[in-house]
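Could you build the full structure based on these sequences and the hints that come with them?
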Amino acid sequence: MDYKIIEGGVTAAKGFQSACTAAGIKYKDREDMALIYSQVPCAAAGTFTTNVVKAAPVKWDQDIVYNKPSAQAVVINAGIANACTGSEGYGYCKATADEAAAALGISADSVLVASTGVIGMRLPMDRIQAGIKAMAPKLDGSLESGSASAQAIMTTDTKKKETAVQVELGGKTVTIGGMCKGSGMIHPNMCTMLGFVTTDAAISKEMLQAALSEDVKDTYNMVSVDGDTSTNDTVLLLANGMAGNPEIRSKGQDYEAFKAALHQVNETLAKKIAGDGEGCTALFEVKILGAETKEQAVTLAKSVITSNLTKAAVFGHDANWGRILCAMGYSGAEFDPEKVDLFFESRAGKIQIIENGVAVDYSEEQATRILSEPEVTATADIKMGSAQATAWGCDLTFDYVKINADYRS
9 MDYKIIEGGV TAAKGFQSAC TAAGIKYKDR EDMALIYSQV PCAAAGTFTT NVVKAAPVKW
69 DQDIVYNKPS AQAVVINAGI ANACTGSEGY GYCKATADEA AAALGISADS VLVASTGVIG
129 MRLPMDRIQA GIKAMAPKLD GSLESGSASA QAIMTTDTKK KETAVQVELG GKTVTIGGMC
189 KGSGMIHPNM CTMLGFVTTD AAISKEMLQA ALSEDVKDTY NMVSVDGDTS TNDTVLLLAN
249 GMAGNPEIRS KGQDYEAFKA ALHQVNETLA KKIAGDGEGC TALFEVKILG AETKEQAVTL
309 AKSVITSNLT KAAVFGHDAN WGRILCAMGY SGAEFDPEKV DLFFESRAGK IQIIENGVAV
369 DYSEEQATRI LSEPEVTATA DIKMGSAQAT AWGCDLTFDY VKINADYRS
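Start counting the sequence shown at 9; every next residue gets the next number (my numbering).
Rather than coming from a laboratory, the hints here were simulated on the basis of the structure.
Some clues are possibly wrong.
[To be verified] Once the Cα atoms are required to be at most 20 Å apart in a straight line, the calculated EDC-like pairs of lysine to aspartate or glutamate come out as:
1) 180 x 10
2) 267 x 222
3) 167 x 37
4) 141 x 117
5) 267 x 342
6) 295 x 383
7) 267 x 10
8) 168 x 152
9) 358 x 372
10) 167 x 10
11) 295 x 389
12) 168 x 10
13) 302 x 275
What follows is the structure in structure tokens.
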């Protein structure tokens with residue numbers, strides 16, 4: 009491991025500042041807007057929802073990431089998603105970017121916009137614009153400011169999600185930090201998740217996008233809370249070059265080191281989302297080992313992580329291994345069930361449940377102890393090759409239904 013995990017989040021890298029405010033968009037008792045700003049223009053990369061129904065901010069950000077040379081600020085609001093709002097919704101994005109551009113003295117084409125919350129509601133633009141005016145003078149590069157912003161972007165999340173790492177590139181210390189939100193309407197191919205990652209690395213826009221696109225497959229795209237792919241999913245990665253390392257323009261040693269550090273940030277944030285699934289009591293990790301191909305391993309891992317019966321068994325601390333084999337069996341991936349070994353593991357220990365597709369003589373009490381921890385792993389070895397994949401999800405609880413039954417009220 010060449011990188012070092014450090015304290016902080018979206019303001020950890022040089023030149024990045026943030027601010028937040030209580031704009032009263034939907035929530036009346038907390039901060040609900042955040043602003044990220046770089047002192048200099050950034051190379052920008054992004055990955056976005058695969059849902060055909062794309063919220064206006066997704067379309068706005070895609071245009072900037074794909075067609076504009078740089079980005080310098082991100083405006084985020086919680087409470088209202090600005091999704092299914094038609095051309096009016098896109099107009100909200102433009103008005104938000106114009107307001108931020110005026111407040112910060114930058115081009116509106118360099119302002120990214122992100123929204124999360126209820127679909128179909130109209131954004132109160134007077135409050136959004138007032139929020140931007142309130143945040144601009146409060147921009148601050150402290151870790152506390154970044155942490156407060158991570159709190160402000162939450163919806164049904166129960167805890168803020170941030171992380172940061174440092175890595176040596178070309179003799180310079182490079183920092184990558186990030187924050188995200190996500191708790192429900194979370195499914196592989198990105199989730200109702202907004203992720204914002206910042207770095208002071210000098211790296212070309214092309215290499216930055218390549219690194220993010222490659223890494224999303226093994227991090228955010230391997231998370232599922234409830235099987236619903238959102239309209240607003242966005243991960244933005246901004247690089248301002250202020251670390252002063254030789255610019256990464258092609259794949260090589262520095263690119264690989266940057267990607268490993270970026271992976272640590274993205275995987276940490278992805279697991280924080282899975283572990284804070286709506287109503288959940290446990291982070292549930294599924295590892296598939298011994299697969300013939302990566303695709304086969306991914307298919308099997310995702311099938312288990314999205315199985316409601318398996319998720320309910322984890323909630324009940326029940327080693328109901330038949331549900332895991334069943335979910336693997338209907339995944340569409342070919343394997344021999346009579347070769348599968350299955351293990352459960354947590355801080356309470358590790359236990360083998362089946363060997364070659366048949367239950368071994370294990371202790372139900374020990375299995376229950378292992379499954380009662382806040383982080384639980386199921387590992388299935390299908391003995392076909394050397395490929396593997398890991399997916400993250402959570403248990404399915406009574407509270408998940410309660411939260412989503414009255415989310416709008």
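Hints the structure fails to honour: 5, 10 and 12
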